[in-house]
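Enquirer: Sequence:
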Amino acid sequence: MKTFTILDIISSRNAILHSKGMKVYEEVASSTAPCEDIVLDFNGICSLTTAFLHPAIGKLVTRNNGREQHIHIKNMDQEDIDTLVAEVIERAKSPEKRRIASEQVASLFED
Numbered sequence: 001m002k003t004f005t006i007l008d009i010i011s012s013r014n015a016i017l018h019s020k021g022m023k024v025y026e027e028v029a030s031s032t033a034p035c036e037d038i039v040l041d042f043n044g045i046c047s048l049t050t051a052f053l054h055p056a057i058g059k060l061v062t063r064n065n066g067r068e069q070h071i072h073i074k075n076m077d078q079e080d081i082d083t084l085v086a087e088v089i090e091r092a093k094s095p096e097k098r099r100i101a102s103e104q105v106a107s108l109f110e111d
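When we follow my numbering, the leftmost residue of the sequence shown carries the number 1, and every step to the right adds one.
Don't read these hints as lab results, they were simulated from the structure.
These numbers come from a predicted model, not from an experiment.
All C-beta atoms in this analysis are idealised placements derived from N, C-alpha and C, irrespective of residue type, glycine included.
Any given hint could turn out to be false.
[To be verified] The calculated lysine-lysine pairs, modelled on DSS-like cross-linking and capped at a C-alpha distance of 27 Å, are: (1) K93 - K20; (2) K2 - K20; (3) K74 - K93; (4) K2 - K93; (5) K23 - K74; (6) K23 - K2.
[Claimed, not checked] Have a look at the derived ranges for each label pair, beta carbon to beta carbon: (7) V105 - R67: 22 to 28 Å; (8) E110 - E27: 33 to 39 Å; (9) S30 - E96: 15 to 21 Å; (10) F109 - D82: 29 to 35 Å.
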C-alpha cells in the first residue's frame, strides 16, 4: 500500500484550494492503478476544505468506480472524516448530486 503525504505534495499546511487538491489527485492517479489501496496522510495539515477534498478524494472515489474502501486516511480529525470527507464521498458516488452541484456553480456566473 503506497502512502501519499499531503504536505509533501502541496507544500502547504493549508489544504484549502481546489488546485492543490488536483495536485494530489494527479500524483496519486499517475502513481497507482485504479482500486489500488492507498494511504493519504494528512500529518501537518491544519486547514482543510471540501474545495480541496473534492479533487483529492472525490475524484479518486469516482476513478475507483465509487469504491472508497481503497482510500485510507491517516492523521485527520475524526470529525473532519465524518463530515467533510463523508460529504465528498457521497457526492462522488452520486452522478446526480455532482450534476446539480455543477449547475448551481455555473448559475452563479450567468448574466
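Enquirer: Could you run down the list of hints and mark each one as holding or not?
Expert: We went through each hint and held it up to the structure:
1. At roughly 22 Å between alpha-carbon atoms, K93 and K20 fall within 27 Å of each other, so this suggested pair holds.
2. Taken as a hint, the K2 and K20 pair is honoured in the structure, with Cα atoms around 20 Å apart against an allowance of 27 Å.
3. As the CA atoms of K74 and K93 are separated by approximately 22 Å, the hinted pair is consistent with the 27 Å bound.
4. Note on K2 and K93: the hinted pairing holds, with a Cα-Cα distance of about 23 Å set against a maximum of 27 Å.
5. Restraint check for K23 and K74: satisfied, since their Cα atoms lie roughly 18 Å apart, inside the 27 Å limit.
6. For the hint pairing K23 with K2, the CA-to-CA distance comes to about 17 Å; that is within 27 Å, so the pair holds.
7. The beta-carbon spacing between V105 and R67, approximately 26 Å, falls within the hinted interval of 22 to 28 Å.
8. The hinted range of 33 to 39 Å is satisfied by E110 and E27, whose Cβ atoms lie roughly 34 Å apart.
9. Taking 15 to 21 Å as the suggested C-beta distance range, the pair S30 and E96 does not conform, at roughly 29 Å.
10. Taken as a hint, the range 29 to 35 Å holds for the pair F109 and D82, whose Cβ atoms sit roughly 32 Å apart.
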